[in-house]
Amino acid sequence: MLRTSLAYFCIAVVAVFAADISISTLDPWLELKKLGLGFLTPDFFSLPEFGEALRNTVSFALIGIVLAVIFGSVLSLFFEYTAVRLFCAFIRSIHELFWAFIFMPITGLNSLCGILAIAIPYAGIFAKVYAEIRQESDQRPAEALPENTSRVSGFLYATLPVIYHDLKNYTSYRFECALRSSAILGFIGLPTLGYHLETAFREGMYNEAAALLYSFFLLILSIRFWARPKIIAIPIIAAVLVTSWDATLSLANIIRFFTYDILPWPMRAEGFYAGTQTVTLPVGEIFHWLQNITVTNILPGIWSTVLLTQIALVSTAVFTLASFAFASRRFFTPAVTGPTHLALVVLRTTPEYILAYIFLQLWGPSMLPAVFALFLHNGAILAYLTARNVNQLELPFDGSASRINRYFYEVLPRCYGQFLAFLFYRWEVIMRESAILGILGITTLGHFIDSAISRDHLDTALLLICVTAVLNMLIDSLSQRIRKRLHISAHLAAGISP
Amino acid sequence: MCTDITMNARMAVSKELLALHGEDISYSDFVALKGISLSISAGEKVALIGQSGAGKTTLLRRLYQLNPAECAFIHQHHALVAQLTVFHNIYMGQLDAHSIFQNLRNLVRPSRKYIDEIVPIARQLGLEDKLFTRVGELSGGQQQRVGIGRALYRGGSILMADEPVSSLDMVQREEIMACIVSAGQTVVSSMHSINLSQRYFQRIIGLKDRSVFFDLPVDCVTDDLLSELYC
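The listed protein sequences derive, respectively, from chains Z and S.
Residues in the first sequence are numbered consecutively from 1, following this note's numbering.
Residues in the second sequence are numbered consecutively from 1, following this note's numbering.
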């Protein structure tokens with residue numbers, strides 16, 4: 001375990017030298033001062049004009065999650081089939097923003113695009129986690145049923161009640177994530193909070209940005225009051241009613257997208273210039289096209305994405321290990337743990353995309369803003385989970401009075417395995433985000449996807465998205481293998497999974 | 001035959017180490033006790049018995065706090081760090097006696113000096129060949145011996161234990177009890193088994209209804225008293 005940790009640490013140190021990390025703004029402190037001032041004086045009067053964006057943020061997330069729960073549940077029942085598992089791994093390895101890129105040409109920039117962009121990857125996530133919850137649940141009630149009980153009745157009586165609590169907790173945790181996804185979909189033009197946040201930040205109207213961000217925090221905090229199983233039907237119906245469904249879907253368009261637009265350009269070139277739109281199969285030119293994209297986009301994109309991922313992963317670990325003690329009652333009194341918790345909640349509630357955007361405004365384009373955004377957001381989640389585990393440890397009352405002794409001898413050895421499991425779970429998430437942050441300008445895969453989309457090269461964009469997905473699936477399976485080898489697991493204790 | 005010496009007489013013979021005078025004891029997470037008076041002198045081997053929830057752990061914890069510098073505590077469970085080696089777990093008995101820098105260095109790279117101090121203790125407990133094995137890989141009996149090792153390394157004249165053998169099998173119980181009573185000059189231990197208490201200790205304190213029900217030399221503890229204690 002220690003050897004693995006050290007190896008990852010060394011890789012990250014080497015990566016830091018290879019990465020482009022710098023502060024390029026002329027006066028980062030001035031910008032920070034303006035930002036701080038803005039966040040102290042939020043302009044709540046500007047909020048009414050953003051009412052629609054807030055409403056869209058909630059309704060996209062809510063409808064998206066409902067669809068994801070439905071499809072995810074169905075898929076989870078067939079999760080023992082390799083094909084289903086691979087399919088789910090594939091759809092969840094593509095980030096919500098990339099799904100939105102894919103749907104944009106078909107549906108346009110509207111509610112349907114936003115909802116599908118959330119529903120599809122979350123369905124893949126639910127399928128996996130629901131299946132895991134079912135497999136790890138207590139099987140004895142189901143085994144004790146009478147011989148001829150039908151599968152459906154058996155499920156309803158002896159399985160669902162056992163796993164309901166875990167399902168509910170996990171789903172509501174994911175709903176919070178979906179609200180974050182929904183908000184950042186605005187950054188690429190959908191009518192949610194991110195759209196206005198981007199404008200406010202770009203134009204330096206920090207008190208407006210602060211008001212938007214604070215209302216987003218309140219929204220997340222308020223989930224527990226209105227997103228309850230007993231009354232959830234009301235917000236869902238309301239969401240369906242307020243959402244504008246004026247997307248014009250033409251079947252011809254969809255067919256054209258899948259059978260023409262996304263085909264490699266050399267296949268379309270001849271027909272395009274002839275005006276006939278016929279498709280040909282010039283193998284040599286396709287190979288050349290592929291080679292060209294590999295050299296100019298795929299390889300540099302993968303290189304940057306992996307560099308950023310490894311640096312962010314290890315920074316997340318360092319941040320977590322340095323901060324969790326301050327959030328744990330085993331080390332400090334509520335006078336310290338309280339404020340620490342508040343800071344951690346703010347950091348994990350703010351989507352990393354928004355954090356990266358803010359740091360980008362402060363420090364200018366390099367990997368630095370992305371690294372900070374990733375380790376602050378992910379580190380806050382891991383520190384919260386680790387502190388919670390540590391609070392449950394029973395430490396002997398005659399242990400050392402020194403906090404440092406307690407940290408290194410009593411606490412760290414006990415919680416390190418679980419911490420590492422959480423971190424390796426997070427690896428795949430960090431990688432997904434590293435790719436996405438390319439949209440903000442660093443040269444990870446997202447950057448090349450974004451520029452292909454803006455040049456209307458759907459073929460290139462889709463190829464790059466698939467490459468990103470495969471890279472993500474590789475990281476996922478590598479992480480699983482490492483967790484297995486180290487015999488560590490992070491169970492879905494109390495519902496919150498990393 | 002019952003040879004009851006009065007409390008005063010016993011105190012006159014040897015030095016009093018720990019004493020409580022009509023004290024009410026409560027901790028947030030333990031059973032509270034009322035009006036506890038007792039005194040423990042050097043060289044005594046005292047067993048605490050009583051139903052679970054009677055307050056044995058509370059009393060032990062209070063006695064420990066009367067003189068932490070002279071007491072070493074063997075816990076029931078949770079106290080050993082399964083992920084660390086036998087060496088480190090024993091070393092933890094002296095964490096407070098060494099500087100933080102020394103502790104950190106010894107965690108990363110066990111220092112010769114401390115190995116030399118700990119090897120004799122491990123040998124005495126039959127753990128010499130397991131010194132750098134992780135505690136999580138040991139059997140229950142071996143783990144409990146590591147706990148004793150930590151208490152021995154900590155030093156002090158009073159050895160305390162909280163039901164040290166309740167999770168072990170019959171053979172290991174005898175072995176560990178013999179080890180504990182011979183390791184400490186003065187021993188105070190809560191016990192699950194009456195039989196073991198009568199064989200390994202000279203004095204038995206029975207706790208019931210959150211106070212001391214009896215406090216007698218072992219041969220004065222009758223079956224009637226015991227059945228009343230556990231009823």
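A hint or two may mislead.
As the list claims (entries may be wrong) - Simulated coverage check for chain S against chain Z, where a stretch passes if three residues somewhere in it have a Cβ under 8 Å from a Cβ of chain Z:
| hint | segment |
| --- | --- |
| 1 | 59-69 |
| 2 | 80-86 |
| 3 | 142-148 |
| 4 | 221-230 |
What the hints assert, rightly or not - From the derived model, a few chain S residues whose C-beta atoms are all more than 10 Å from chain Z:
| hint | residue |
| --- | --- |
| 5 | Ala19 |
| 6 | Ser39 |
| 7 | Ile100 |
| 8 | Asp116 |
| 9 | Lys130 |
As the list claims (entries may be wrong) - Cβ-Cβ distance ranges computed for the label pairs, FRET-style:
| hint | chain 1 | residue 1 | chain 2 | residue 2 | range |
| --- | --- | --- | --- | --- | --- |
| 10 | Z | Ile11 | S | Arg112 | 27 to 37 Å |
| 11 | Z | Ile11 | S | Leu66 | 48 to 58 Å |
| 12 | S | Ala32 | Z | Arg329 | 29 to 39 Å |
| 13 | S | Asp169 | Z | Met1 | 38 to 48 Å |
| 14 | S | Ala32 | Z | Val242 | 53 to 63 Å |
| 15 | S | Gln65 | Z | Ser46 | 51 to 61 Å |
Calculated directly from the structure, the hints in this document are not laboratory data.
Every residue, glycine too, gets a C-beta built ideally from N, C-alpha and C.
Here is how each hint holds up against the structure:
no. : hint                           : verdict
1   : 59-69                          : holds (count 3)
2   : 80-86                          : holds (count 4)
3   : 142-148                        : violated (count 0)
4   : 221-230                        : violated (count 0)
5   : Ala19                          : 20 Å, holds
6   : Ser39                          : 22 Å, holds
7   : Ile100                         : 5 Å, violated
8   : Asp116                         : 20 Å, holds
9   : Lys130                         : 17 Å, holds
10  : Z:Ile11 / S:Arg112: 27 to 37 Å : 33 Å, holds
11  : Z:Ile11 / S:Leu66: 48 to 58 Å  : 53 Å, holds
12  : S:Ala32 / Z:Arg329: 29 to 39 Å : 22 Å, violated
13  : S:Asp169 / Z:Met1: 38 to 48 Å  : 31 Å, violated
14  : S:Ala32 / Z:Val242: 53 to 63 Å : 57 Å, holds
15  : S:Gln65 / Z:Ser46: 51 to 61 Å  : 59 Å, holds
In summary, the structure is inconsistent with hints 3, 4, 7, 12, 13 from the numbered list given earlier, while agreeing with the others.
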